[in-house]
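Protein chains in written order, with our numbering: chain A, 1 to 246; chain B, 1001 to 1246; chain C, 2001 to 2246; chain D, 3001 to 3246; chain E, 4001 to 4246; chain F, 5001 to 5246.
Hints listed in this document are in silico derivations from the structure and should not be mistaken for laboratory results.
Heads up, a few of these hints could be off.
What the hints assert, rightly or not - Take a look, some chain A residues computed to stay more than 12 angstroms from chain F by CB distance: (1) R28; (2) V31; (3) D32; (4) E50; (5) E92; (6) G123; (7) A159; (8) L165; (9) K237.
As the list claims (entries may be wrong) - Where chain F lies over chain A, by a calculated footprint (3+ residues, C-beta under 8 angstroms): (10) 55-69; (11) 83-90.
For each residue, glycine too, the CB sits at the ideal point set by N, CA and C.
Spelled out, the chains give:
Protein chains: 6
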Amino acid sequence: MPAPARRIALLNPNTTVAMTDKAVACARAVVDPSTEIVGVTNRTGPPSIESHYDEAVAVPGLLADVARCEGDGIQGYVIACFGDPGLDAARELARGPVLGIAEAGMHAATMVGRSFSIVTTLGRTIGQAEQLVARYGYGAMCHSIYACEVPVLELDQPASEARKLVVELCRRAVEVDQSDSIVLGCAGMADFCTEVADQVGVPVIDGVTAAVTFVEALLRLGLQTSTRSEYASPPAKDLHRPGFSL
Amino acid sequence: MPAPARRIALLNPNTTVAMTDKAVACARAVVDPSTEIVGVTNRTGPPSIESHYDEAVAVPGLLADVARCEGDGIQGYVIACFGDPGLDAARELARGPVLGIAEAGMHAATMVGRSFSIVTTLGRTIGQAEQLVARYGYGAMCHSIYACEVPVLELDQPASEARKLVVELCRRAVEVDQSDSIVLGCAGMADFCTEVADQVGVPVIDGVTAAVTFVEALLRLGLQTSTRSEYASPPAKDLHRPGFSL
Amino acid sequence: MPAPARRIALLNPNTTVAMTDKAVACARAVVDPSTEIVGVTNRTGPPSIESHYDEAVAVPGLLADVARCEGDGIQGYVIACFGDPGLDAARELARGPVLGIAEAGMHAATMVGRSFSIVTTLGRTIGQAEQLVARYGYGAMCHSIYACEVPVLELDQPASEARKLVVELCRRAVEVDQSDSIVLGCAGMADFCTEVADQVGVPVIDGVTAAVTFVEALLRLGLQTSTRSEYASPPAKDLHRPGFSL
Amino acid sequence: MPAPARRIALLNPNTTVAMTDKAVACARAVVDPSTEIVGVTNRTGPPSIESHYDEAVAVPGLLADVARCEGDGIQGYVIACFGDPGLDAARELARGPVLGIAEAGMHAATMVGRSFSIVTTLGRTIGQAEQLVARYGYGAMCHSIYACEVPVLELDQPASEARKLVVELCRRAVEVDQSDSIVLGCAGMADFCTEVADQVGVPVIDGVTAAVTFVEALLRLGLQTSTRSEYASPPAKDLHRPGFSL
Amino acid sequence: MPAPARRIALLNPNTTVAMTDKAVACARAVVDPSTEIVGVTNRTGPPSIESHYDEAVAVPGLLADVARCEGDGIQGYVIACFGDPGLDAARELARGPVLGIAEAGMHAATMVGRSFSIVTTLGRTIGQAEQLVARYGYGAMCHSIYACEVPVLELDQPASEARKLVVELCRRAVEVDQSDSIVLGCAGMADFCTEVADQVGVPVIDGVTAAVTFVEALLRLGLQTSTRSEYASPPAKDLHRPGFSL
Amino acid sequence: MPAPARRIALLNPNTTVAMTDKAVACARAVVDPSTEIVGVTNRTGPPSIESHYDEAVAVPGLLADVARCEGDGIQGYVIACFGDPGLDAARELARGPVLGIAEAGMHAATMVGRSFSIVTTLGRTIGQAEQLVARYGYGAMCHSIYACEVPVLELDQPASEARKLVVELCRRAVEVDQSDSIVLGCAGMADFCTEVADQVGVPVIDGVTAAVTFVEALLRLGLQTSTRSEYASPPAKDLHRPGFSL
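One chain only, chain A, in its complex shape:
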């Protein structure tokens, strides 16, 4: 077996290995055989990310993962959580490109239609999604953001009826808000795409797979994050951490 042409780390910012595995499987199904997907589960942090607090305490572990990957020959990164946690800091640490899945999902959506809606897990994360929509410049294209109110770790439990709820919200986004496509708002929905798309009749985009193919594209293009100023390596500092405890 030949060495992979490129190695991309799929960083799961939460500590749930099953979520990493699912995302990795979805990613491997779309990338080129010459691309190796390295799944990395955060060793410190919460089992799922559903608040700003969860995100904040997950990020240091995620950045430690990036640092390790840099020493390990990884060329590109995907941050597999829809809040795109730690994106800017990861760009400072990594030589290669880093994409968040919210970012990637929205890029893809604007490539296949004029408008999109986001369907996510808990309503309390909508504020963060709105902030990312604004940051990435897609305020005019994003017609609505809905939450199915199923917690991340229950998405796969049949009792949650998550897929049915997601389909209903997608239909509302298409019929009421006139959205051309749907962006799924959670890495845990990576395997919903085909089923949901079949039922709602418009493109349904999962950010995980979108992100790995876009990182693959950036690597083919030889593009790395600009080191001009903001994303240059951060100044080295002694971190103080006597008995760190959250």
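Given chain A, work out where chains B, C, D, E and F should sit, using these hints.
Structure of chains B, C, D, E and F alone, referenced to chain A:
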């Protein structure tokens, strides 16, 4: 030799075969070996596109090319002119995804930095570039647009000193406007990337190669343009064209 | 009879003479007797414009009409289709001012109220209307865009009940969206104004008549399109068109 | 002599009769002979408007003028001061259309180019101009606002060299800021247009003449300010004014 | 009793003393004991402000009050009407800081949540509120503006059921529009806060109390309005006012 | 000595006690004697925050501080770092209001002028500042952001000439960019205010003091962060942290 996994048409909206050939060569250098790049030169229209008029008279031929390609098994399209001419109409005609090179270049730029500048050919095309920046949502990220005032067909002539002029404008964009990266504003600059990047020290993006790798990504993702409403097949009509003459 | 003080071409970008005639009649009813309205029907293109494709294939003929009019002493132009097709290219070709009817209708709306809604024909054209709203700067004033889903050429057929449907959508725009006025989104609705206004109680604006009176105003002011850069005459080029066929 | 077809009041919000006379002369030179221009000088307020305070104390007198004109058969109004003072209140009082000259000048500018700059009198009024640019939706088109720092009442004094200073600022706007046209930012510059345009080579727009021809256009179109809600007649109230003194 | 550490004028732009008194009582309940609140009722103008006309005719009296207060040792100002009438002119006249209650209420809202809605009196004032939202930069945070259609002077009459209507609109804002907080849109609602907040479960903000505490904060910080250009003292002028009569 | 009327935690997200002490001294100099300022230095994290990485690794310690303060009767919080790190997460944890110093400084700036500039430490933090400007809605008011390129911990060293450099940049902001006021972009500049203001002649705002007085104001108003959805207490989770190491 195995059948290609995917076939992408690289549509040159102008009638200059040499430009198609150069763009195709650049595209082939970045895509996966399993992707076939089919260069298509517009049969009707101007030899280069440097005005709204040029663009308008080039588009019908471009759309005829799309129609032919649809019958010919093409799965994805790139419109290789920085004004992204005919993009919306091509999306109506094609089943597969269609990207313009301005669009793709800007997407790539926002993936590797917070800000970018565009360096293009003639100043008279800046208005169109501004309009595209606004349409794609990148108004806050695009710090400036410069023109080297070299006509498209003179870019490759040493006497034009185009590369030197482009490098100077890139430097201004980086130093004065604090741009993290540069988007080259003409398909005819597709081969400038490496040389310019070396001299200005930030990522330099050519839309042609960005677009083909992104279309490749969309095809891997199984994504097609939404047919919900705007981009559904246009209503069939009898076109009136008695002795058409521009 | 004295020579007209000014001659304005009312350019119908589609090939349906009856639509030109209706628009000309509406225009003549509002302009000064000293203004001559010259109706010009596109000789090539579709019988109505209801898609980006229709628009793209109509524009070259429209530009040929502008070129002919320039040689014929026309001083100002109105493009009588709500997508404002070919507007930028026409401005390059014409010495005198050129207005699209979407543009003119929205200008008028913002002169008589703080907000407006657009009521147009087919839903698939809403994307283009949104794009024009954004381009002209009226995103904050345009509260909604509705489509009656009657094709352009059926607007005048009693069976389509177009006027009734338009009135219903206008009422919704006023009552639900709190719009101060309505812009009719099709040249084929030019004769709906009075009847609709009577029923909905707010100003109802037809872009055709708005555009001719504004062009008349620009001519009185001695204003012509700026030739500074973008709208200067396009560089002369040999167009390639061997057996052009859409 | 036949009765005028329409009567438009040219409201000068300041108390300087010479400014009214100049504006009226400019207006009469562009409108149709069938349009009567009625010059109205504010009876209370400051001799020129160069601050928010000036504007505030000028408005009640201006509104009293509107009330009088309503009783006198006036059909349309122009507020001839570049801050567009009292515009919203005048729209509540008047049946016919009311335009401010800043508003009208900017409308005209966007009809003849993609971008414009404003050249005004005192720098302290730039904030108000910026606010109007934003209100009217022209933030993306207005490339710059310059002040010649000549007070309103000195514009016509040769010693002020106002015309020369204005020409210099216009040139800067065109060459540095890439503006397609210029809007003159003071009713007192109404007679500068031709001279300045000749020297700077782009359209130069005076709001007074733009506004009267646009009001003329609105009257031809039979359009009046919407009375839906905000601009309905204000609720009648007893005003308290015991020995009013500013 | 010690001299007050700071004196803030609470300017009521209308002539209704009872409204001033209520606002002053609300203000005194929140400020530090060392802060003196000086209630000032406009001597000229309408008894309530419910139109652009009301606002325009109230402002000169308000500015006369500011001038008097300047001579009287006042250090900061609140304009207690939700249209923030005369704000810019007052800033020119006053040395110390001047805040409008709409401005202050919105500042406070964005400090305690990501989004807010405004609940005001008459629907005809919504346009002015929208304009202020845009001016202060809060367009993305303001999810909706509702009117209870109770005139200002009837807010305190039990028959108006104003509090009940306001609560209903607040609930709609929270449940339908997903607003994190409510800004009350009238100085006459200053005493509704606690009751409404108890019923709707989100922060409810009265601009009067928000404004006095923010002016108090600015005074503690030693901050005064910038006199750089726009807000410098206005040029002195002789006002013409022979028998002023609105 | 009476019990304090209110207790506000001044959270220093970095680990440098001297910076906490300086900020606390500045804060105590402006708040009411009845307000207790509790300085809290982060126990884990970097000695200064000059990158996204620094910010990310500082936040968990900051949040641990908030959690401790909640158990300790603190009623309001200021995050004393210009990137406003951890703001959203802190709002989830705290009952009382939480303000960042960037946020507070910009609020204050828009209360005393129409426009402001930011003068900060390292150029690499400008991207974060831009993002905050956009988030808080002040894009149109913020005319420029400058960096003096002095690291945070060298601001107080005479050799850095930080004050001189800051004054120079402030002058440029006022004279070239026409800013009405300056916001200092680092908690470490809290004591520069008076000196800089004296030299540049416009209001100069330090976010630390602005934030404490605004939190004081919110406490007087009885306002707390909305717990409607996004800022409700985060779902309780077991954090995984085996040998946490950044």
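These are the hints, each one checked on the structure:
1. With a least beta-carbon separation of about 25 angstroms from chain F, R28(A) lies farther than 12 angstroms from that chain, consistent with its non-interface assignment.
2. For V31(A), the shortest C-beta to C-beta distance to chain F comes to about 28 angstroms, beyond the 12 angstroms cut-off, and the non-interface label holds.
3. Distance check on D32(A): its Cβ is at least 31 angstroms (rounded) from any Cβ of chain F, clearing the 12 angstroms threshold; non-interface status holds.
4. The beta carbon of E50(A) sits about 6 angstroms from the closest Cβ of chain F, which is not more than 12 angstroms, so the claim that it is off the interface is violated.
5. At roughly 5 angstroms from the closest C-beta of chain F, the C-beta of E92(A) falls inside 12 angstroms, breaking its exclusion from the interface.
6. Distance check on G123(A): its Cβ comes as close as 5 angstroms (rounded) to a Cβ of chain F, failing to clear the 12 angstroms threshold; non-interface status is violated.
7. Every CB of chain F is more than 12 angstroms from the CB of A159(A) (nearest about 18 angstroms), matching its label as outside the interface.
8. Here L165(A) stays apart from chain F, with its beta-carbon at least about 18 angstroms from theirs, past the 12 angstroms limit.
9. With a least CB separation of 4 angstroms from chain F, K237(A) falls inside the 12 angstroms interface cut-off, contrary to its annotation.
10. Requiring three or more residues with a Cβ within less than 8 angstroms of a Cβ of chain F, the coverage given for the region 55-69 of chain A holds, as 8 such residues are present.
11. Check on the region 83-90 of chain A: 3 of its residues sit with their Cβ under 8 angstroms from a Cβ of chain F, so the three-residue criterion for coverage holds.
The structure is inconsistent with the numbered hints 4, 5, 6 and 9, although it conforms to all the rest.
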